[in-house]
Amino acid sequence: MRTQRRTTVSALAVLATFALASCGTETGPGEAGDSGDGSGSVRTGASVTGVHWNVSSLTVDGKKTTAPAGAHVEIGPEGKATGNLGCNRFTAEARVEGDTVTVGRGTTTEMGCEEDVQQFEKAMGRAFSGELKAAVAGSGDRKTLTLTSAGGDSIALTSEPPAPLTGTAWTVTGLVSGDVAASLPAGTEKKAHLTFGKDGSVEGNLGCNSFHGKAKVSGSTLTFGPLASTRKMCAGPEMELERALLAVLDGTTTYGIEHRSLSIEAKSGKGLNANAPAAEG
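Position 81 (the sequence shown) corresponds to 81 in this note's numbering; numbering is contiguous.
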């Protein structure tokens, strides 16, 4: 399993300064409105902030490239743009005036990535710079945002709603011990999952055996009752994962949700990370 210190990820990945264009807080007129061109597009910053935007594709010099999974942008009301370029995380200052988006220089981590992802990140960093025209279409949880440079390059983004704790099929993606995060045992990826019910129940799979039980939600705590499970014997890595998860899903724990990522930590410091599936269009 690969391990890393959770509290020192940013320190281990050297911060680099770069020019990153993104969207920011509204500094022009207050409410978003129809563009008036009959397309139904909305072209003001008010519809851009406070949204988790998944990067769908990048078009540079007429060539369209699909974005790697996980590439996203979020713009907070304080004028900061944060997100992920596909592998590395970034932050930058942002400003929106009408339908013009301008972002100053920002910082990004410099973790090693696969070559095709690195190429996308470099192109994204160049396209996501200077002044961009922003056009938002749609409404509710499914909106699209297009950022276009003066030279015609464009970034296509799609909004994605956060995942609720209950009713979501959370797939376990990693384990935690204190301040150390580790990947799952080899061969057990996508095997463990859990779903919380509105009635205080929890069910899923531990990597080998399926289980069900009670999980009481109170504020930021989850209190697990005794879990009942099947009793199959599986290969070593699957049983290793199962034992690790049972050590987490026991008694009172704390949990947190960041958009579509869930973390659960027991009093012992043992914990797990899980992700929700992509929202359906």
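Derived from the structure by calculation, the hints contain no laboratory data. Virtual Cβ for every residue (Gly too), placed ideally from N, Cα, C. Do not take every clue at face value.
[As the list claims (entries may be wrong)] For lysine-lysine, the following DSS-like pairs were computed, each having C-alpha atoms within a straight-line distance of at most 25 Å: (1) 190 with 64; (2) 214 with 232; (3) 232 with 191; (4) 122 with 63; (5) 214 with 198; (6) 190 with 214; (7) 190 with 270; (8) 214 with 270; (9) 191 with 270; (10) 133 with 80; (11) 143 with 80; (12) 133 with 122; (13) 63 with 80; (14) 190 with 133; (15) 214 with 133; (16) 270 with 216; (17) 216 with 122; (18) 267 with 214; (19) 133 with 216; (20) 133 with 64; (21) 191 with 63.
[Said to hold, decoys possible] Restraint-style ranges between C-beta atoms, simulated for each label pair: (22) 226 with 130: 56 to 66 Å; (23) 167 with 118: 36 to 46 Å; (24) 173 with 213: 29 to 39 Å; (25) 113 with 199: 37 to 47 Å; (26) 267 with 199: 32 to 42 Å; (27) 190 with 115: 18 to 28 Å.
Hints and how they fare:
Pair hint residue 190 plus residue 64 does not hold up; C-alpha atoms about 30 Å apart against a cutoff of 25 Å. The straight-line distance between the Cα atoms of residue 214 and residue 232 is roughly 21 Å, inside the 25 Å bound, and the hint therefore holds. For the hint linking residue 232 to residue 191, the alpha-carbon distance of about 14 Å falls within 25 Å, and the restraint holds. For the hint linking residue 122 to residue 63, the alpha-carbon distance of about 15 Å falls within 25 Å, and the restraint holds.
Restraint check for residue 214 and residue 198: satisfied, since their Cα atoms lie roughly 11 Å apart, inside the 25 Å limit. Annotation: proposed proximity of residue 190 to residue 214 holds, straight-line Cα distance about 23 Å (limit 25 Å). Proximity of residue 190 to residue 270 is assessed by CA-CA distance (about 20 Å); at most 25 Å being required, the pair is judged to hold. For the hint pairing residue 214 with residue 270, the CA-to-CA distance comes to about 19 Å; that is within 25 Å, so the pair holds.
Annotation: proposed proximity of residue 191 to residue 270 holds, straight-line Cα distance about 19 Å (limit 25 Å). Restraint check for residue 133 and residue 80: satisfied, since their Cα atoms lie roughly 18 Å apart, inside the 25 Å limit. Between residue 143 and residue 80 the alpha-carbon distance is near 21 Å, which keeps this suggested pair within the 25 Å criterion. Simply put, residue 133 and residue 122 have alpha-carbon atoms about 20 Å apart, close enough for the 25 Å limit, and the pair holds.
For the suggested pair residue 63 and residue 80, the alpha carbons sit about 29 Å apart, so the restraint of at most 25 Å is broken. For the hint pairing residue 190 with residue 133, the CA-to-CA distance comes to about 40 Å; that exceeds 25 Å, so the pair is violated. Straight-line distance between C-alpha atoms of residue 214 and residue 133 comes to about 50 Å, which puts the hinted pair past the 25 Å bound. At most 25 Å may separate the alpha-carbon atoms for a hinted pair to count; residue 270 and residue 216 meet this at roughly 19 Å.
Simply put, residue 216 and residue 122 have alpha-carbon atoms about 45 Å apart, too far for the 25 Å limit, and the pair is violated. Restraint check for residue 267 and residue 214: satisfied, since their Cα atoms lie roughly 18 Å apart, inside the 25 Å limit. The straight-line distance between the Cα atoms of residue 133 and residue 216 is roughly 47 Å, outside the 25 Å bound, and the hint therefore fails. For a cut-off of 25 Å, the pair hint linking residue 133 to residue 64 stands: about 18 Å separates their Cα positions.
A hinted pair counts as satisfied when its Cα atoms are at most 25 Å apart, and residue 191 with residue 63 does not qualify at roughly 37 Å. The hinted window of 56 to 66 Å between residue 226 and residue 130 holds, with their beta carbons roughly 58 Å apart. A C-beta distance of roughly 37 Å is found between residue 167 and residue 118, which places it inside the suggested range of 36 to 46 Å. The hinted range of 29 to 39 Å is not satisfied by residue 173 and residue 213, whose Cβ atoms lie roughly 21 Å apart.
In this structure the supplied range 37 to 47 Å holds for residue 113 paired with residue 199, their Cβ-Cβ distance being about 42 Å. At roughly 25 Å, the beta-carbon separation of residue 267 and residue 199 lies outside the given 32 to 42 Å, and the hint is violated. In this structure the supplied range 18 to 28 Å holds for residue 190 paired with residue 115, their Cβ-Cβ distance being about 25 Å.
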